[in-house]
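Using the sequences provided together with the hints, build the complete structure.
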Amino acid sequence: KAGVTQTPRYLIKTRGQQVTLSCSPISGHRSVSWYQQTPGQGLQFLFEYFSETQRNKGNFPGRFSGRQFSNSRSEMNVSTLELGDSALYLCASSLYGATGEQYFGPGTRLTVT
Amino acid sequence: QKEVEQNSGPLSVPEGAIASLNCTYSDRGSQSFFWYRQYSGKSPELIMSIYSNGDKEDGRFTAQLNKASQYVSLLIRDSQPSDSATYLCAVTPPFGNEKLTFGTGTRLTIIP
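If you read the protein sequences in the order shown, they are chains A and B. Residue 63 in our numbering sits at position 61 of the first sequence; the count goes up by one each step and never skips. Residue 147 in our numbering sits at position 79 of the second sequence; the count goes up by one each step and never skips.
Please note: incorrect hints may appear among the correct ones.
Far from chain A, some chain B residues (derived; all Cβ distances over 12 angstroms) [unchecked claim]: (1) V81; (2) P82; (3) T92; (4) S94; (5) L133; (6) N134; (7) K135; (8) S137; (9) S141; (10) S150.
Quick list of in silico lysine to any residue cross-link-like pairs, SDA-like style, CA-CA up to 20 angstroms [to be verified]: (11) B:K70 to B:S98; (12) B:K110 to A:R11; (13) A:K15 to A:R65; (14) B:K70 to A:G60; (15) B:K135 to A:G102; (16) B:K110 to A:P63.
Since the hints were derived computationally from the structure, they do not count as laboratory data. For every residue, glycine included, the Cβ atom is placed at its ideal position computed from N, Cα and C.
Set out below in structure tokens:
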């Protein structure tokens, strides 16, 4: 069974721009969660989508948004990028939801200059 | 107090010895507990999950959970250089807060 895939793997953006990241979960998994990982803050939960509905949200500003499609693929969007948004963005899929076993994709490394 | 705490390390263990990684959590009603391994430059990989008090063994890995003392640990027997990585503890808080909370990780180095 194929794992979680994320595209693109690397991105360099300028402050003020916006970015869209994509995630395809493991086949059969309907839950997709997004995390931000930085050296200082560790892994921080952004939000979870299950069957196209956002079920949970972490403590991030509204510039961070997401959506999920009927095939469970998910996108995350960050608008008005700030230098502090530079991080590894990880997508994780799960059979049961954000509180169950999470299987992570390889991540998207975002650098904001 | 952080919700999930781990010693950041680095923890250095000789090859062949037992590596012991510890994690404490603050919410007494926490339900599920996970250990992830993250190699440098890679994404976290689930290696163990534990839900009830006691020990759970999987190959060279043993997870131990003590809900009364609010700690969960991971033992790695016969440590190998390939075990060198950062180990993340993740906890599911009580109902109503439906997300995993991760510790900041313990960096483990196995010395040949």
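Here's how the hints hold up against the structure:
At roughly 22 angstroms, the least C-beta separation between V81 (chain B) and chain A is larger than 12 angstroms, which holds for a residue marked as non-interface. The non-interface label for P82 (chain B) is consistent with chain A: the shortest C-beta to C-beta separation is roughly 28 angstroms, beyond 12 angstroms. With 12 angstroms as the threshold on Cβ separation, the claim that T92 (chain B) sits away from chain A holds: the shortest Cβ distance comes to roughly 15 angstroms. Remark: the non-interface label on S94 (chain B) is consistent with the geometry, its nearest Cβ contact in chain A lying 16 angstroms away (cut-off 12 angstroms).
Against the 12 angstroms criterion, L133 (chain B) stays outside the reach of chain A, whose nearest CB is about 16 angstroms from its own CB. Chain A leaves N134 (chain B) outside its interface by the beta-carbon criterion, the shortest separation being 20 angstroms against a cut-off of 12 angstroms. A cut-off of 12 angstroms between C-beta atoms confirms that K135 (chain B) is not in contact with chain A; the least separation is 16 angstroms. The claim that S137 (chain B) is not at the interface with chain A holds, since no C-beta of that chain comes within 12 angstroms of its own (minimum 22 angstroms).
For S141 (chain B), the shortest C-beta to C-beta distance to chain A comes to about 19 angstroms, beyond the 12 angstroms cut-off, and the non-interface label holds. With a cut of 12 angstroms on Cβ distances, S150 (chain B) stays outside the contact zone with chain A, its closest approach being about 19 angstroms. Under the criterion of a C-alpha separation no larger than 20 angstroms, the hint pairing K70 (chain B) with S98 (chain B) is consistent with the structure, at around 14 angstroms. About 11 angstroms separates the Cα atoms of K110 (chain B) and R11 (chain A), which keeps this hinted pair within 20 angstroms; it holds.
Between K15 (chain A) and R65 (chain A), the direct Cα distance comes to roughly 15 angstroms. Compliance with the 20 angstroms bound is thereby established for this hinted pair. Distance check on the hinted pair: K70 (chain B) and G60 (chain A) sit about 16 angstroms apart at the alpha-carbon level, within 20 angstroms; holds. At roughly 18 angstroms between alpha-carbon atoms, K135 (chain B) and G102 (chain A) fall within 20 angstroms of each other, so this suggested pair holds. In summary, the hint linking K110 (chain B) to P63 (chain A) is not supported, as the alpha carbons are separated by about 26 angstroms, beyond the 20 angstroms threshold.
Hint 16 alone, counting from the list given before, is not met by this structure.
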